[in-house]
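Given next are the chains, with one letter for each unit.
There are 2 protein chains.
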Amino acid sequence: MAEYVNVAVDAMGGDNAPAEIVKGAVEAVNADKRVKVFLVGKEPVIREELKAYSYDAEQLEVVHAEEVIETAEPPVMAIRRKKDSSIVKAMYMVKNGECDAFVSAGSTGAVLVGGQVIVGRIRGVERPPLAPLIPTEKGVSLLLDCGANVDARPSMLVQFAKMGSVYMESVMGVKNPRVGIVNIGAEEEKGNALVKETFPLLKNCPEINFIGSVEARDIPAGAADVIVCEAFVGNVILKMYEGVSSALLHQVKQGMMSTLRSKMGALLVKPALKTTLKSFDTSQYGGAPLLGLNGLVVKTHGSSKAVEVKNSILQCIAFKEEKINEKIKEQISLEDKAAENN
Amino acid sequence: MAEYVNVAVDAMGGDNAPAEIVKGAVEAVNADKRVKVFLVGKEPVIREELKAYSYDAEQLEVVHAEEVIETAEPPVMAIRRKKDSSIVKAMYMVKNGECDAFVSAGSTGAVLVGGQVIVGRIRGVERPPLAPLIPTEKGVSLLLDCGANVDARPSMLVQFAKMGSVYMESVMGVKNPRVGIVNIGAEEEKGNALVKETFPLLKNCPEINFIGSVEARDIPAGAADVIVCEAFVGNVILKMYEGVSSALLHQVKQGMMSTLRSKMGALLVKPALKTTLKSFDTSQYGGAPLLGLNGLVVKTHGSSKAVEVKNSILQCIAFKEEKINEKIKEQISLEDKAAENN
Chain A
5 MAEYVNVAVD
15 AMGGDNAPAE
25 IVKGAVEAVN
35 ADKRVKVFLV
45 GKEPVIREEL
55 KAYSYDAEQL
65 EVVHAEEVIE
75 TAEPPVMAIR
85 RKKDSSIVKA
95 MYMVKNGECD
105 AFVSAGSTGA
115 VLVGGQVIVG
125 RIRGVERPPL
135 APLIPTEKGV
145 SLLLDCGANV
155 DARPSMLVQF
165 AKMGSVYMES
175 VMGVKNPRVG
185 IVNIGAEEEK
195 GNALVKETFP
205 LLKNCPEINF
215 IGSVEARDIP
225 AGAADVIVCE
235 AFVGNVILKM
245 YEGVSSALLH
255 QVKQGMMSTL
265 RSKMGALLVK
275 PALKTTLKSF
285 DTSQYGGAPL
295 LGLNGLVVKT
305 HGSSKAVEVK
315 NSILQCIAFK
325 EEKINEKIKE
335 QISLEDKAAE
345 NN
Chain B
5 MAEYVNVAVD
15 AMGGDNAPAE
25 IVKGAVEAVN
35 ADKRVKVFLV
45 GKEPVIREEL
55 KAYSYDAEQL
65 EVVHAEEVIE
75 TAEPPVMAIR
85 RKKDSSIVKA
95 MYMVKNGECD
105 AFVSAGSTGA
115 VLVGGQVIVG
125 RIRGVERPPL
135 APLIPTEKGV
145 SLLLDCGANV
155 DARPSMLVQF
165 AKMGSVYMES
175 VMGVKNPRVG
185 IVNIGAEEEK
195 GNALVKETFP
205 LLKNCPEINF
215 IGSVEARDIP
225 AGAADVIVCE
235 AFVGNVILKM
245 YEGVSSALLH
255 QVKQGMMSTL
265 RSKMGALLVK
275 PALKTTLKSF
285 DTSQYGGAPL
295 LGLNGLVVKT
305 HGSSKAVEVK
315 NSILQCIAFK
325 EEKINEKIKE
335 QISLEDKAAE
345 NN
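Heads up: the protein sequence lines correspond to chains A and B, in order. For the first sequence, this note's numbering assigns the number 346 to the last residue and increments by one with no breaks. For the second sequence, this note's numbering assigns the number 346 to the last residue and increments by one with no breaks.
Worth double-checking, as some hints may not be accurate.
No copy is singled out in the list; a pair is fine if it fits within one copy or between any two copies.
[To be verified] Straight-line distance between alpha carbons at most 27 angstroms, and here's what the computed DSS-like set of lysine-lysine pairs gives:
no.: 1; residue 1: K333; residue 2: K99
no.: 2; residue 1: K179; residue 2: K309
no.: 3; residue 1: K179; residue 2: K274
no.: 4; residue 1: K55; residue 2: K27
no.: 5; residue 1: K55; residue 2: K99
no.: 6; residue 1: K27; residue 2: K278
no.: 7; residue 1: K179; residue 2: K324
no.: 8; residue 1: K267; residue 2: K142
no.: 9; residue 1: K194; residue 2: K267
What the hints contain is simulated information worked out from the structure, not anything from laboratory work. Fair warning: this is a prediction, and the values are worked out from it, not measured in the lab.
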């Protein structure tokens with residue numbers, strides 16, 4: 005028997021749990037023979053959902069967890085107290101080596117805290133960034149950090165750049181990915197204190213392909229493959245994608261409904277529009293990995309449907325097979341060696 | 005003779021200078037009897053442009069300035085050295101009281117530096133924020149700071165909130181404007197160090213209507229009338245508006261051109277779409293005021309056409325008649341008094 009990529013999945017997390025999570029898990033194991041899913045959560049509920057599907061029982065196990073961490077709960081407290089929750093139990097399965105990865109659509113805070121506290125960081129990694137793929141006119145870019153690590157230091161941003169480059173090259177197949185730092189102008193002397201201190205460090209980093217500053221305006225056009233910034237700014241970028249898109253599409257719809265003539269036109273353009281606009285939906289790329297942990301933790305949108313859960317699970321295969329964490333360890337230990345030589 | 009609102013206009017600034025600037029100035033004086041424009045720049049060139057128009061000569065003067073500050077020039081140096089530039093000369097006209105306001109589509113850096121160095125801050129104002137109006141589904145919001153004041157302190161953000169409230173209430177006619185601080189979650193305990201320190205100060209500020217945190221996602225929907233943040237974040241928000249809109253509209257156009265059916269539909273929806281999408285264009289609201297100066301300085305888009313120049317000039321009338329600066333002075337001196345009482 006070949007060795008599986010073992011993925012623990014939070015069956016209780018997200019707006020559509022457990023139905024869509026269970027469905028996504030089944031679709032993932034049916035799509036790829038290399039993956040085994042451990043559905044963690046309330047066993048009776050999960051079993052009930054599973055009745056509707058056929059799948060190879062060898063590839064899907066249910067692990068009972070009595071408790072559920074709610075999105076509104078303070079994450080640190082929840083992780084500490086709810087030892088029998090799906091998130092905590094699944095995180096320990098990754099820590100203990102039973103699983104290679106964990107996928108959750110549940111509380112972002114709890115996933116971020118649990119990742120650091122339970123799964124733990126790779127030695128030398130200062131902070132594990134949450135790194136979603138964002139749609140661009142050219143394809144996708146990796147934006148990091150979008151997590152809860154606010155007030156980052158320059159050395160952290162350099163690590164984000166290295167880890168992001170490994171991910172884009174090995175998982176997404178982008179050769180020599182272009183790394184940009186989010187700035188308020190293209191010139192080197194522009195920016196806030198953090199950017200000004202980080203810029204020369206990135207410039208002198210031989211392991212990455214640093215192309216300089218990227219203005220927010222140019223991100224949706226695909227100005228860089230790996231976009232580095234501290235988490236507050238990353239969060240604003242990610243949320244502006246959602247906010248501007250949704251407001252604008254709302255306007256487009258209103259415009260189309262405003263006259264009889266435009267209503268007729270709308271009927272004709274609708275199918276074509278739907279296809280192209282789908283490529284600009286931030287949620288379709290499945291999960292955002294939390295990079296730099298001893299194992300893989302993937303956070304998918306709270307509103308994830310089965311297809312995103314499935315994609316998030318399948319994403320774990322490339323992560324393991326491409327030995328992303330070994331490559332990250334290598335990058336980070338190069339840093340240690342450089343420090344020793346100085 | 006009634007007293008004019010005297011506005012100095014940088015005839016040489018922006019991508020479409022001098023033609024569109026001169027045209028906009030003429031349109032402004034023809035639209036409103038209360039305004040007098042001083043077109044500052046190379047006199048022969050301006051006179052040549054003016055030949056095409058008719059206007060009340062009483063309302064429009066030309067002031068010669070030999071030099072031009074280019075967008076690419078380092079602003080501090082440019083302001084110091086080019087004493088005979090349109091920007092420096094016009095700024096001195098405001099400082100000396102010859103003019104009430106200055107409008108420029110030229111170098112943002114030079115306008116920001118000149119505003120602080122030449123026109124000067126109102127006593128007690130720590131930093132003058134650049135405050136553009138941004139389109140929302142409900143109308144417009146004022147976003148401040150979008151200037152070059154990176155790494156702001158909490159007390160500065162409180163002043164931004166007060167000055168922004170005065171502007172929205174008195175110039176835009178929004179009663180009791182809702183003030184929000186940009187944050188990465190709605191809860192009070194979320195945010196970076198700056199936001200966490202600023203939040204309680206805003207909460208305890210009786211002069212403003214503070215509604216708490218605003219997530220970037222909710223800005224385009226019109227979640228607050230006055231949106232406070234430090235300049236790096238403000239710049240990212242403003243640029244994401246542009247970037248996401250332009251990428252998305254590009255996708256919409258591509259979608260419409262993708263099939264024969266959709267092409268026919270596109271012809272029908274186009275006129276209606278154009279009208280609604282116009283309301284989501286950040287450039288149409290004319291200029292962004294630089295608040296808190298001894299006079300009004302308005303920066304309009306580098307790509308401004310006559311209509312934006314005209315709107316920027318007319319905006320100065322409300323600013324003067326509503327005595328915005330007197331109101332700002334009052335707000336800031338309340339602060340001094342509060343400090344004395346503590």
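Checklist entry - Under a CA distance limit of 27 angstroms, which applies to K333 and K99: within one copy, between copies, both, or neither? => result The answer is within: 17 angstroms in one copy meets 27 angstroms, while 59 angstroms across copies does not.
Checklist entry - Is it within, between, both or neither when you check K179 against K274 at 27 angstroms Cα-Cα? => result neither (36 angstroms within a copy, 40 angstroms between copies)
Checklist entry - From the Cα coordinates, with 27 angstroms as the cut-off, is the pair K267 and K142 best called within, between, both, or neither? => result between (31 angstroms within a copy, 23 angstroms between copies)
Item to check | Homomeric proximity label, K27 with K278: Cα distance no greater than 27 angstroms | outcome: within (24 angstroms within a copy, 42 angstroms between copies)
Checklist entry - At most 27 angstroms between C-alpha atoms: does K55 with K27 qualify within a copy, between copies, both, or neither? => result This pair counts as within: shortest intra-copy Cα distance 11 angstroms, inter-copy 73 angstroms.
Item to check | Same-copy or cross-copy closeness of K179 to K309 [CA-CA at most 27 angstroms] | outcome: neither (31 angstroms within a copy, 42 angstroms between copies)
Next on the checklist: I want to check one pair: K194 and K267. Are their C-alpha atoms no more than 27 angstroms apart within a copy, between two copies, both, or neither?
Outcome noted: So K194 and K267 fail the 27 angstroms test inside a copy (47 angstroms) and across (44 angstroms) alike.
Item to check | Copy assignment of K179 with K324, given that the CA separation must stay at most 27 angstroms | outcome: Within. Shortest intra-copy distance 19 angstroms satisfies the 27 angstroms Cα cut-off; inter-copy 57 angstroms does not.
Item to check | Within, between, both or neither, where K55 and K99 count as close if Cα-Cα is 27 angstroms or less | outcome: Answer is neither; intra-copy 30 angstroms and inter-copy 79 angstroms both fail.
Checked against the numbered hints given earlier, this structure breaks hints 2, 3, 5 and 9; the rest are met.
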